[in-house]
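**Q** Sequence:
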Amino acid sequence: MSDNPFFEPSTLVYELPPFTAIREEHYLPAFERGMADQLAEIAAITADPQAPTFDNTLVALERSGALLRRVSAVFLNQSSADTNDLVDAVDAEISPRLAAHQDAIHLDAALFARIEALHERRAGLGLDAQSLRLLERHHTRFVRAGARLGAAEQARLRELNSELASAATAFQQNVAADTRARALVLDSAEQLDGLSADAVAAAAENGRALGHDGRYVLSLKNFSNQSELAQLTDRSVRERLLAASLGRAVATNGPLAIRMAGLRAERAALLGHPSHAAYVVEDETAGTVEAVDALLARLVPPAVANAEREAAELAKLAAADGIEEIAAHDWAFYSERVRRSSYQVDAAVLRPYFELERVLHDGVFFAANLAYGLTFTERPDLVGYHPDARVFEVFEEDGGSLGLFIGDFHARASKRGGAWMDELVSQSTLLDKRPVVLNNLNIARPAPGEPVLLTWDEVRTLFHEFGHALHGLFSAVRFPLFSGTEVPRDFVEFPSQVNEMWMTWPAVLANYAKHHVTGEPLPADLVERMTAAEGFGQGFRTVEYLAAALLDWAWHTVPVGLEIADAQEFEARALAEAGLAVAAIPPRYRSTYFNHIFASGYSAGYYAYIWSEVLDAETVEWFRTDGRTVRESGEVFRAELLSRGGSVDALECFRAVVGRDPRTGPLLARRGLA
1 MSDNPFFEPS
11 TLVYELPPFT
21 AIREEHYLPA
31 FERGMADQLA
41 EIAAITADPQ
51 APTFDNTLVA
61 LERSGALLRR
71 VSAVFLNQSS
81 ADTNDLVDAV
91 DAEISPRLAA
101 HQDAIHLDAA
111 LFARIEALHE
121 RRAGLGLDAQ
131 SLRLLERHHT
141 RFVRAGARLG
151 AAEQARLREL
161 NSELASAATA
171 FQQNVAADTR
181 ARALVLDSAE
191 QLDGLSADAV
201 AAAAENGRAL
211 GHDGRYVLSL
221 KNFSNQSELA
231 QLTDRSVRER
241 LLAASLGRAV
251 ATNGPLAIRM
261 AGLRAERAAL
271 LGHPSHAAYV
281 VEDETAGTVE
291 AVDALLARLV
301 PPAVANAERE
311 AAELAKLAAA
321 DGIEEIAAHD
331 WAFYSERVRR
341 SSYQVDAAVL
351 RPYFELERVL
361 HDGVFFAANL
371 AYGLTFTERP
381 DLVGYHPDAR
391 VFEVFEEDGG
401 SLGLFIGDFH
411 ARASKRGGAW
421 MDELVSQSTL
431 LDKRPVVLNN
441 LNIARPAPGE
451 PVLLTWDEVR
461 TLFHEFGHAL
471 HGLFSAVRFP
481 LFSGTEVPRD
491 FVEFPSQVNE
501 MWMTWPAVLA
511 NYAKHHVTGE
521 PLPADLVERM
531 TAAEGFGQGF
541 RTVEYLAAAL
551 LDWAWHTVPV
561 GLEIADAQEF
571 EARALAEAGL
581 AVAAIPPRYR
591 STYFNHIFAS
601 GYSAGYYAYI
611 WSEVLDAETV
621 EWFRTDGRTV
631 RESGEVFRAE
641 LLSRGGSVDA
651 LECFRAVVGR
661 DPRTGPLLAR
671 RGLA
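Under full-length UniProt numbering, residues 1 to 674 are what the sequence shown spells out, in order.
One or more hints might be untrue.
Pairwise CB distance ranges (calculated) [said to hold, decoys possible]:
1) A197 / D283: 49 to 59 Å
2) E577 / D398: 54 to 64 Å
3) D55 / P451: 52 to 62 Å
4) T429 / E520: 21 to 31 Å
5) D525 / E450: 21 to 31 Å
6) A583 / R180: 19 to 29 Å
Pairs of lysine to aspartate or glutamate residues, derived as DMTMM-like cross-links and limited to a Cα-Cα distance of at most 20 Å, are as follows [as the list claims (entries may be wrong)]:
7) K415 / D234
8) K415 / E24
9) K415 / D85
10) K316 / E355
11) K415 / D432
12) K415 / D88
13) K514 / D362
14) K415 / D398
15) K514 / E500
16) K514 / D198
17) K514 / D388
18) K514 / D525
19) K316 / D234
20) K514 / E450
21) K415 / D178
22) K221 / D198
23) K221 / E239
24) K514 / D457
25) K316 / E336
26) K514 / E357
27) K415 / E397
28) K221 / D457
29) K514 / D346
30) K221 / D178
31) K221 / D388
Since the hints were derived computationally from the structure, they do not count as laboratory data. Just so it is clear, CB atoms sit at the ideal spot from N, CA and C, and this is done for glycine as well.
Input sequences plus hints: build the corresponding full structure.
**A** Dropping the structure here:
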């Protein structure tokens with residue numbers, strides 16, 4: 001396949017992949033040649049008769065795999081953002097082969113011998129700080145990947161990694177299929193009573209797009225509590241919607257979760273750890289299982305008590321409707337009623353002030369200009385991977401070019417749920433690469449000609465994901481291993497959470513929160529009520545999150561050999577033991593559709609969101625009180641943290657910004673847990 005566009009670097013600006021030339025049949029040959037090329041490059045390193053040096057071993061290793069990087073970045077995005085049967089088939093085939101390829105590198109005895117030799121005499125090599133860190137990180141990665149195991153143990157490790165890779169792909173594809181299959185199809189607009197007119201129209205448009213002309217379809221979001229539960233007045237519809245969400249992939253992914261937990265426990269034991277959680281957290285900023293246990297245990301009792309106080313308020317309103325006990329499908333609905341009655345904040349009234357284009361340009365991009373001096377120019381001449389994917393060129397304050405940002409905001413049947421950031425090209429001065437980053441969201445598409453109006457949570461998500469994008473765009477490192485978001489998993493959410501603060505920063509909110517018809521700004525008194533209303537519901541949100549985090553922890557602290565008979569029974573027992581068996585608050589993700597931990601990189605790492613929020617709350621306070629202008633503070637945050645990627649210890653970056661170790665006080669106050 002000589003015309004395969006992956007075989008040569010892209011000639012487009014910033015090496016944007018040539019999407020007009022890429023077809024599904026290009027992927028497998030590109031993966032195969034890419035893996036073969038990298039193994040040949042590794043063989044050349046190990047065959048070098050010269051003694052190992054930093055350049056002929058570590059730099060050569062960093063340069064290897066260029067073709068594999070190109071195809072992997074594009075394929076990973078398409079398999080999530082615009083998949084089809086052929087892409088799914090390639091994913092199922094290539095996942096275990098990629099795992100085997102990584103094992104072939106990390107378990108290459110000759111390569112590890114060269115790295116170990118360099119590591120042993122690292123103090124005398126005269127390396128600069130980033131080069132020394134590269135040597136240390138590669139050495140750690142090889143050891144953690146099993147480089148010191150015996151031949152028999154390495155053979156078993158290869159089997160475990162291959163099976164886990166296949167299982168993760170199957171898990172994600174099962175979730176995607178059942179999420180599509182369980183979309184709630186309704187016959188009449190009356191059943192959607194309570195939703196805004198534009199939301200009803202979007203449900204009708206969704207029905208048309210999914211082949212249900214004349215009917216209304218609520219597609220499921222990836223989390224448990226669907227956003228429509230807050231407005232739907234028909235209790236039976238709410239119950240059906242939540243049941244559809246909570247029941248996803250039980251038959252297929254229940255056994256798969258059990259199998260994956262067992263395989264991960266066995267792998268951890270093989271590598272000398274008592275559990276998968278112990279293996280994972282050793283290389284994160286938390287450091288130990290005990291540190292994570294302590295944080296989560298501290299949060300559970302006050303969070304549950306807070307939720308119980310909220311439940312008492314909800315019960316009063318529900319009793320007036322003849323409901324004796326709040327069920328899970330009632331909580332969001334009556335919470336919204338409390339916000340309307342106690343704070344005079346109505347989600348339906350807010351939506352007209354949050355039109356996507358205005359939020360994007362006058363909110364997200366405006367905040368990036370305010371803090372970092374960036375400007376954005378849409379490039380319709382540059383083609384994305386899907387018609388929805390819009391390409392923007394990003395410029396520095398002095399007019400210099402920085403990189404490309406791709407925004408793909410709408411839901412579609414070919415896209416998995418949730419929201420995420422990815423990199424199509426990762427920054428590296430060694431490889432002379434500048435960043436091409438993207439954000440994917442799942443905003444319902446409105447009827448033709450209608451504006452895209454966002455919920456408050458969707459506004460938050462837009463700012464959050466753009467925080468990840470900035471982390472990638474601002475990367476200024478030499479080596480690919482450290483680029484952008486290549487930081488510990490329990491640190492990676494920190495910059496994105498910090499970026500959420502701009503959504504309510506007075507100058508930013510005033511700039512984007514304007515009625516899409518009249519242009520009138522969001523009333524000042526409504527802003528004050530919104531701020532007050534943010535406090536109500538923290539009990540629910542914290543319990544919902546902690547339940548998911550502790551489910552992840554339960555699955556991944558199981559010792560090797562423990563028999564688990566049923567995933568749902570295991571889940572119920574784990575929540576009860578954690579003190580989080582709150583029937584009216586299901587976990588944000590139940591086990592069978594918990595893609596974060598079974599199909600992505602968050603296994604034994606979902607605690608990262610709250611761990612990172614400790615740093616986030618401290619940093620937001622620093623931005624507000626450090627005495628600098630916003631622009632000056634932004635430059636410090638960029639220079640000391642966002643630009644560093646993984647080239648510096650993560651907590652050292654935090655200390656360089658804030659000037660001290662993190663404290664939990666600001667987080668507890670924010671969450672109403674102090």
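**Q** Does each hint hold? Answer for all of them.
**A** Hint check results:
no. : hint                    : verdict
1   : A197 / D283: 49 to 59 Å : 50 Å, holds
2   : E577 / D398: 54 to 64 Å : 57 Å, holds
3   : D55 / P451: 52 to 62 Å  : 56 Å, holds
4   : T429 / E520: 21 to 31 Å : 48 Å, violated
5   : D525 / E450: 21 to 31 Å : 28 Å, holds
6   : A583 / R180: 19 to 29 Å : 28 Å, holds
7   : K415 / D234             : 29 Å, violated
8   : K415 / E24              : 16 Å, holds
9   : K415 / D85              : 12 Å, holds
10  : K316 / E355             : 35 Å, violated
11  : K415 / D432             : 32 Å, violated
12  : K415 / D88              : 12 Å, holds
13  : K514 / D362             : 10 Å, holds
14  : K415 / D398             : 37 Å, violated
15  : K514 / E500             : 19 Å, holds
16  : K514 / D198             : 17 Å, holds
17  : K514 / D388             : 24 Å, violated
18  : K514 / D525             : 14 Å, holds
19  : K316 / D234             : 19 Å, holds
20  : K514 / E450             : 16 Å, holds
21  : K415 / D178             : 13 Å, holds
22  : K221 / D198             : 18 Å, holds
23  : K221 / E239             : 16 Å, holds
24  : K514 / D457             : 17 Å, holds
25  : K316 / E336             : 13 Å, holds
26  : K514 / E357             : 11 Å, holds
27  : K415 / E397             : 35 Å, violated
28  : K221 / D457             : 13 Å, holds
29  : K514 / D346             : 16 Å, holds
30  : K221 / D178             : 12 Å, holds
31  : K221 / D388             : 19 Å, holds
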